[in-house]
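Chains as they are written, first to last, in numbering that gives the first Met the number 0: chain A, 0 to 406; chain B, 0 to 262; chain C, 0 to 299.
Derived EDC-like pairs (lysine to aspartate or glutamate); straight-line CA-CA distance at most 20 Å: (1) Lys77/B <-> Glu280/A; (2) Lys156/B <-> Glu64/A; (3) Lys290/A <-> Glu83/B; (4) Lys84/B <-> Asp25/B; (5) Lys87/C <-> Glu64/A; (6) Lys84/B <-> Asp289/A; (7) Lys77/B <-> Asp279/A; (8) Lys156/B <-> Asp279/A; (9) Lys80/B <-> Asp279/A; (10) Lys77/B <-> Asp289/A; (11) Lys396/A <-> Glu153/B; (12) Lys91/C <-> Glu32/C.
No lab work stands behind these hints: they were computed from the structure.
Below are the chains, spelled out letter by letter.
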Amino acid sequence: MITFDQIKKAVLVSVWFMFLTFPIMVIRVNPVERIVEWRWRNMLLIGVGSFILSFVWHYFIRRKELGTQKAEVGGEETIPLAQRILEKKAIYRPTLAVLGICALVFPFIFSLYQTNIMVTALIYVMLGLGLNIVVGLAGLLDLGYVAFYAVGAYAYALLNYHFGLSFWMVLPIGAALGATFGILLGFPVLRLRGDYLAIVTLGFGEIIRIILENWNEFSFGPSGIANIPRPSLLGIDLSVHAATIYIYYIMIGLCLFTIFVVNRLQDSRIGRAWIALREDETACQAMGIDKAKTKLTAFALGATWAGMSGVVFAAKTTFVNPASFTIWESIIILCIVVLGGMGSILGVIAGALVLILMPEYLRAFSEFRMLAFGVLLVVMMVFRPGGLIPNVRRTYKFEGVTETKKG
Amino acid sequence: MEPVLKVQDLGMNFGGLRALDAVDLDVGKNEIVALIGPNGAGKTTFFNCITGIYPPTEGDVLIFPQGKDRPKRINGLKPNKVTEKGLARTFQNIRLFPNMTVLENVMIGRHCRMRAGVLGAVLRGRSTMREEKAAVMDSYAILEKIGLDPFVNEFAKNLPYGAQRRLEIARAMATEPFLLLLDEPAAGMNPNETRDLDKLIKRIRDEEGISILLIEHDMKLVMSLSDRIFVVDYGKKIAQGTPEEIRNNPAVIKAYLGEETDA
Amino acid sequence: MDYFLELFLGGLTRGSIYALIALGYTMVYGIIELINFAHGEIYMIGAFTALIVISVLTLMGMNTIAILVIAGVIAVIYSAAYGYTVEKIAYKPLRNAPRLSALISAIGMSLFLQNYVLLAQTSDFLPFPNLIPDFEFMEPYAHIIGSTEIVILITTAIVMVLLTIMIKFTNIGKAMRAASQDKTMSMLVGINVNHVISVTFVVGSATAAIGGVLIASHVGMINFYVGFIAGIKAFVAAVLGGIGSIPGAVLGSFVLGWTESFATGYVSSDYEDVFAFLFLVLILIFRPQGILGRSEKHKL
Ligand SMILES: Nc1ncnc2c1ncn2[C@@H]1O[C@H](COP(=O)(O)OP(=O)(O)OP(=O)(O)O)[C@@H](O)[C@H]1O
Ligand SMILES: [Mg+2]
Chain A
0 MITFDQIKKA VLVSVWFMFL TFPIMVIRVN PVERIVEWRW RNMLLIGVGS
50 FILSFVWHYF IRRKELGTQK AEVGGEETIP LAQRILEKKA IYRPTLAVLG
100 ICALVFPFIF SLYQTNIMVT ALIYVMLGLG LNIVVGLAGL LDLGYVAFYA
150 VGAYAYALLN YHFGLSFWMV LPIGAALGAT FGILLGFPVL RLRGDYLAIV
200 TLGFGEIIRI ILENWNEFSF GPSGIANIPR PSLLGIDLSV HAATIYIYYI
250 MIGLCLFTIF VVNRLQDSRI GRAWIALRED ETACQAMGID KAKTKLTAFA
300 LGATWAGMSG VVFAAKTTFV NPASFTIWES IIILCIVVLG GMGSILGVIA
350 GALVLILMPE YLRAFSEFRM LAFGVLLVVM MVFRPGGLIP NVRRTYKFEG
400 VTETKKG
Chain B
0 MEPVLKVQDL GMNFGGLRAL DAVDLDVGKN EIVALIGPNG AGKTTFFNCI
50 TGIYPPTEGD VLIFPQGKDR PKRINGLKPN KVTEKGLART FQNIRLFPNM
100 TVLENVMIGR HCRMRAGVLG AVLRGRSTMR EEKAAVMDSY AILEKIGLDP
150 FVNEFAKNLP YGAQRRLEIA RAMATEPFLL LLDEPAAGMN PNETRDLDKL
200 IKRIRDEEGI SILLIEHDMK LVMSLSDRIF VVDYGKKIAQ GTPEEIRNNP
250 AVIKAYLGEE TDA
Chain C
0 MDYFLELFLG GLTRGSIYAL IALGYTMVYG IIELINFAHG EIYMIGAFTA
50 LIVISVLTLM GMNTIAILVI AGVIAVIYSA AYGYTVEKIA YKPLRNAPRL
100 SALISAIGMS LFLQNYVLLA QTSDFLPFPN LIPDFEFMEP YAHIIGSTEI
150 VILITTAIVM VLLTIMIKFT NIGKAMRAAS QDKTMSMLVG INVNHVISVT
200 FVVGSATAAI GGVLIASHVG MINFYVGFIA GIKAFVAAVL GGIGSIPGAV
250 LGSFVLGWTE SFATGYVSSD YEDVFAFLFL VLILIFRPQG ILGRSEKHKL
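Just chain A, same shape as in the assembly (with noise of 0.2 Å):
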């Protein structure tokens, strides 16, 4: 059902936005060569374009309101169908069988340019959620999270470069030299408000990135570290394909152990105190919570897993240099993180894989990412900012708890 008004209303959009896309989208300029270059086809595109957009926007904002409304009079909120699934073993038990055969026989179906692109996207899994404590569990947006990732990774390339440390010697180390950087940082800016927390973090994102750029003593600069050992199994170098496979062994055993690890962390005092300082901080410390502890425990857990990814980051692509550190990594991160669900896990591992494995199957896709990441950062902000998965919190039954009680 659509009315005048609202054709008036996404006329006069489509025609805002071809006035407003005009000098960017219809003229190219270079004025090297003196050229210039009109494209009138993309008018026409951006005025369609927007008129059915102004549709379907218009059309979801209504619904939302519509939504907060009944939920304002108490209506039924409907069970998210990922709970729904959850609860019910007989679903969700062949389902994760189904997918645990099919994630460790993958690199044997698959070419190895197949299974590296999984181990990337198990890397994005891994930082998707360490970032997920940080951002989706205790509400700090943390803008600098590549930052500790960069950590790990260099921690790997130059420990290994001078003293000859193996993979698994400096695993436990990136963690630790993640957590360290985190408290570092942590200390000081944590107690700023959230919206400070997120510039200085970006700052002190990029000052890592700078220092790795300039200081060539110390990090060889912006040409990096190259022949990084791949991982060893038992003291055996592997040939390339088989130490790959290897990888993303450890991958998925790592993200199964982040996995449990959040996990069991999220119904926990820690936890819960992590959402209720992102829920409401003054309540939380007046209720006898350490604001300043607890953000902090989020903090270095977050960079822990930093740290970690980065080294196998390093171990996967024998080579690090500043470039693969920049702001857009972390806002990729955080994308995952937006995208799957705040909070949820089964949520950022959904959104993970998506937004690493898509761009990489689509490969037209792929130019338009970033764009596409920045208008799905706006949209689920707007429209559903529990995410796809959103995160379910822990019932619990007290049925026979009275009697027992009272008897």
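Once you have looked at the hints, place chains B and C with the ligands on chain A.
Frame of chain A; chains B and C with the ligands shown alone:
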């Protein structure tokens, strides 16, 4: 009477605004004390200064923990430390954790009485599990007492207004306070709910042995509940005494000037 | 001494431009308490629009002063339009949402606008023609300060004065001040808060565009990424001065401009961007309310 809280000469400035000026107040053991005053008198600020949210500009806040003969100065402590010492509060404009369940909201109150750290959470050793289970049970018991047990797994944001106010009380009680500070607990409640609240507060005092300091505008509730009443206006204490004395105090009547003077 | 003077004036110029951008941050923050991450991009779009207009008009063989004026005006109009639209799409629907949501939305907007320009135009640095003629009377001092710098300083001063007049004396300025004090209360006394917020974005974006055009002709080149770094630095300046305070933003900008100028001049230019960030971290730790900001205690 044995005191649990003694506030001496409390003063608080916001820039040039003198929100509190030399306020004295004390609460005795098992006492229900009310703090009243017109809007903007500085009542909430008084709570904020006692509970460490603002450090008071001057004055002393002393508590008398049980079993210790010496009082303890708590002004300047962080809010969480104050809560650990046994003062718990609710907020005038409800500040629950909206996206946590009712039970979890109460469990947050248990936080400072629990020990488990990160390692304990991950390893889930015997003592952690025992502690966690006890926290769940204790919290549930508190909810039962307050009458919120039917909502135990609901999100706090989905509760009706009156229930949210009571959940704030439950959450504060979970911290095992000896003194409960309630900031306008009846605000926005209908007469039925207010009557229940009246009973609830008395029960908390009688059954749990928790002293209570409350801010309230509902004079009927104040008169029915309080053992003693303190009145502030423009940051200054203008009267103190039993409900009877306060009712007939000319200074108080003048401060309220037609505002529920005959309640 | 000449070197010192050169650095001093260089810092002043830098500071002026930061100030033009920082104003937008501070005004928006003052009203909706949001770091408008996309503000830097608005300024970049202003500069790009100006470059496009200049290129087209140059090919048509117009007089340089006329080109400069037209390009400036169009850049201001477009930046204002972008600022307005960004607010409507990315922030207005989140007015009552948690701050984290609005912040993430702002980052998304920033990312989108950068890549929009990147894809629609180019990722290369484009030369930005310097249209400001050399002033003859400045000849003897040309090694210390160029004509572009002078234009920058004068323009900034004019913009500041106009803005101050607007905020102090016009109705909309009063409404802005009221809304930044207490939004609900302003609404009750009949101020259209949505309108005030829109105007704030429009004015902030327009000043940013002026900064964009000036800095582009000063530096002589632009690409899609210039907004981000400059935006962050301007934000640092705004925080430095005390976010929400307009004189603070100006003061903070000059302090930052001088710091950068002297630090790169006397220490090392490799770490130019590091100074700004270090400054930010130190300020936030030791004086989070900034130089002129009031220490805020949120009412409960
Ligand atoms: N954080 C703050 N900054 C500046 N002024 C404040 C702050 N908090 C409170 N005030 C001022 O202090 C005075 C007392 O406020 P307070 O909230 O304590 O009043 P109240 O007695 O609780 O009123 P009500 O009955 O309306 O809750 C008011 O004038 C208020 O504006
Ligand atoms: Mg109050």
